[in-house]
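Student: Listed here are the chains, written in short residue letters.
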Amino acid sequence: MDYNILIGGAAGQGMDTLATVFSKILHKSGLCLFTLQDYMSRVRGGHNYYQIRFSDTFVKSHREDLDGIIALNQETLDLHIGRLKQDGFILADENVTSKDSRLITIPAALIAKEVGNVKTTSSVTLGFLCKLFSIESTFMGDIFSGMFAESVAKQNIESFTRGQALTESKYKASKARPGKTMLVHGNHGIALGALAAGLRFYSAYPMTPSTTIMSFLAKKAKAAKVIVEQAEDEIAAIHMAIGASYTGVRAMTGTSGGGFSLMVEALGFAGIAEIPVVIALIQRPGPATGLPTRTEQSDLMYAINASHGEFGRMVIALRNPEDAFYQTARAFNIADKYQMPVILLGDQYLADAVQTVKAFDIDKIKIERHLAEPKPYLNGKDYNRYELTQSGISPRLIPGLVPGTAVNIDSDEHDVHGNITEAADVRNSMVEKRARKFERLKREVMEPELLGDDSMDILLLGWGSIYSQLSEAVDILNQNSKRKYGALVFGDIWPFPQTTLIEKARIVKKIINVEQNHDGQLARLVREVTGIQMDGSVLRYDGHPLSPAEIARKVKEI
Amino acid sequence: MDKKHKFETIETAWCPGCGNFAILDALKETLTELKVKPHEVLIVGGIGQAAKTPQYLNVNGYESLHGRALPPAAAAKIANQKLKVIVNTGDGDSYGEGGNHFIHNIRRNVDITHFVHDNQIYGLTKGQSSPTSDLGHITDFTPEGVIDRPINPVATAIALGAGFVARAFTGDKEHLMEMMKEALNHNGYALVDILQPCVSFNKVNTFAWYSKRVYKLTEGKKYDSTDKGAAFQKALEWGDKIPLGILYREEKKSYTDHFDFLKTTTLLELPHDKKVVRGFIEEFF
Ligand SMILES: Cc1ncc(C[n+]2csc(CCOP(=O)(O)OP(=O)(O)O)c2C)c(N)n1
Ligand code: SF4
Ligand SMILES: [Mg+2]
Chain A
1 MDYNILIGGA AGQGMDTLAT VFSKILHKSG LCLFTLQDYM SRVRGGHNYY
51 QIRFSDTFVK SHREDLDGII ALNQETLDLH IGRLKQDGFI LADENVTSKD
101 SRLITIPAAL IAKEVGNVKT TSSVTLGFLC KLFSIESTFM GDIFSGMFAE
151 SVAKQNIESF TRGQALTESK YKASKARPGK TMLVHGNHGI ALGALAAGLR
201 FYSAYPMTPS TTIMSFLAKK AKAAKVIVEQ AEDEIAAIHM AIGASYTGVR
251 AMTGTSGGGF SLMVEALGFA GIAEIPVVIA LIQRPGPATG LPTRTEQSDL
301 MYAINASHGE FGRMVIALRN PEDAFYQTAR AFNIADKYQM PVILLGDQYL
351 ADAVQTVKAF DIDKIKIERH LAEPKPYLNG KDYNRYELTQ SGISPRLIPG
401 LVPGTAVNID SDEHDVHGNI TEAADVRNSM VEKRARKFER LKREVMEPEL
451 LGDDSMDILL LGWGSIYSQL SEAVDILNQN SKRKYGALVF GDIWPFPQTT
501 LIEKARIVKK IINVEQNHDG QLARLVREVT GIQMDGSVLR YDGHPLSPAE
551 IARKVKEI
Chain B
1 MDKKHKFETI ETAWCPGCGN FAILDALKET LTELKVKPHE VLIVGGIGQA
51 AKTPQYLNVN GYESLHGRAL PPAAAAKIAN QKLKVIVNTG DGDSYGEGGN
101 HFIHNIRRNV DITHFVHDNQ IYGLTKGQSS PTSDLGHITD FTPEGVIDRP
151 INPVATAIAL GAGFVARAFT GDKEHLMEMM KEALNHNGYA LVDILQPCVS
201 FNKVNTFAWY SKRVYKLTEG KKYDSTDKGA AFQKALEWGD KIPLGILYRE
251 EKKSYTDHFD FLKTTTLLEL PHDKKVVRGF IEEFF
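Sequence lines, in order, name chains A and B. Using my numbering, read the first sequence as starting at 1 and increasing by one per residue. Using my numbering, read the second sequence as starting at 1 and increasing by one per residue.
Hint data in this document are derived by calculation from the structure and do not stem from the laboratory. Check the hints yourself; a few may be wrong.
[As the list claims (entries may be wrong)] If the Cβ cut is set under 10 Å, some of the chain A residues that face chain B in the computed set are:
id : residue
1  : Val226
2  : Glu229
3  : Ile235
C-beta: ideal position from N, C-alpha, C; glycine also.
When you get a sec, could you build the whole thing from the sequences and use the hints?
Tutor: Written out as structure tokens, the structure is:
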């Protein structure tokens, strides 16, 4: 079982509620789903849609062909009918017309009016859909009373029931929930990972598609005892996070490319001052304002190289919501251990695609602070914030704990005490000390995840959220194929983990990079670090995500 | 007491005769009088001559980037209210490069004290005009004289709703210390704009120039520093006569007063509560 439906309309037509509630119903009935959101950068009007794909096992990605279209306006039908399967259906109110025999019209608005609340129109449609797919409706009461006041909830239930009465069941949605699952998007993974890691301070400035990290944290702030502060700009956002981190609390900021550009000077500051900070960079198509609500993976080289001067940082590309959860928590440990910035790369596709995933296991999260023990300093040992050590990592003491001891940090080059210096030998020793931290970090980067056939002939390379589509694309490619396909998808990406790649590159016939950008940034990075060249590329940069079938098709053409 | 536990000056890189020395001395004495200990103090600076202040005292020092002293200072205070958080930085740093933070930290009202070493010039970069340079001031970058109107920091702060706004002058140490003490004791954001002669690059607004013009608000007719309208009027006064003192004060909740969970502890000391996060995760089941 694998169904894929599209709900489309203009912003403000109630499509969000329809899609969200339908997703909730599917989740509650034990099904797995993957939703894709496509919206324009405006609050009203425009064409927007959700694609909801559901199944009785985990759904890895979105797909293009549709089993059903729920058209809240004519435009939705006109734009998407080409993707509708022969035996698919179009569900619409009576204002949408077509000669296509697959169109089913229902008087949803009229029924809602009769019920006494036109705003319940989408509940009529929902009732219809649930019946059509033979989905249980016993918990509808709970869902509606969770959303509305009693009288309105009642009206919604009535509209829902009347919607159900309009059709017979045609599809059979079996249910077999694979263990404990959650319905989340990637930004939930990031926010929950941060909270699990003991986040105490989050400062950011709104920017799509990073905003939902902050809105989720803000909702939980009181219960979690976290400060969530909307800064005046991204410059303040990151400086506040760094300032909080200096005092010893775990702090983070999040933004998209434009905001990250404003943060870059501070990134270097965290580098030289050696203050841990975690930055979620949720990419969208750039440069400048680009396509604000769409997806792209074009900030890889930027994240790795941003800032003047030289210092170590870690860049982690998030592959899916689960990965986002565990990697975000790990990012805090790494930032603390190496006293350096860690950048988490997400993107709109991962940020917005609500999907069923295996439940996050908080017991797997370990909090490792790597702070200096105050005791020796309380007993009179001299404290040097930038003590030269073999690992390059100096003792990080929380300011205010030890009488007679000051914790000095600097954006100027400094000596071991944190005092400004221009002495050449001190400068050299500090540059080298910071570089040693990065060398040590290389030892703990994680190799890319291998998908498909381990002894592949053709190796696909990807990073971050393309994991979703690649995992399904590899399955498609390996079906009835003599050639064997495999993929490596990078999570940790800077320092660049190269062992597995070098090993596989020796045995495969072809290497193809699959990325959501124009320049093939991963290919460039691979070439720069390992000298390995690609034999072909699958790239997309129109703001829409590659689909697994599309990747498979294009890979075969190479 | 061993010298680590007293406010000790470390060798400075300021020009002899610079007004910054008076500020550093006054600050040291004020902190000593207030009976805070060096390790309980955090001084944050941006970049500039003034911003080097944290380097010259044995307190916790945070030398940020140019213009970026206020955001980390506010965050540090939010994270650990036990620290006495002070910003010492320049007029360019505070009102130019960091102008947006100046505006919004007044709104944020975190309990920090902001001492602006206002020399009406960019000292460190060798004498360009600053946001407080008077009209007509001739500098390397403005050979025909400054044509942009200066910002009036105290009037701006009052207009934006700051709860403590004062002006002091390095030529009157006793008064300067009094302003520092009042500002440090104020709950919320407190601004003291300190007139600080730069002997090397500001040949107009010199020690003598200021001395001739300044007068104290407490001299003469009784001044009500809680009357916002009157305070704003007074704050606009500049030129032949320059008022010193607390121009405006108003008690209001500071940022952290809004959080119940910070009433009895600090953000830093809060233990991690795994149960709560587990609950958040389960909401998605
Ligand atoms: C982003 C950035 N721009 C410019 C500079 C150069 N710069 C350093 S200090 C300064 C101005 C200092 O003036 P002010 O803040 O008034 O401090 P003063 O030296 O007068 O005490 C400038 C422009 C810098 N360090 N960083
Ligand atoms: S340049 Fe001016 S402000 Fe800087 S130390 Fe010299 S006198 Fe003081
Ligand atoms: Mg200045």
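Student: Please write out, lowest number first, the hints stated earlier that are contradicted by the structure.
Tutor: none
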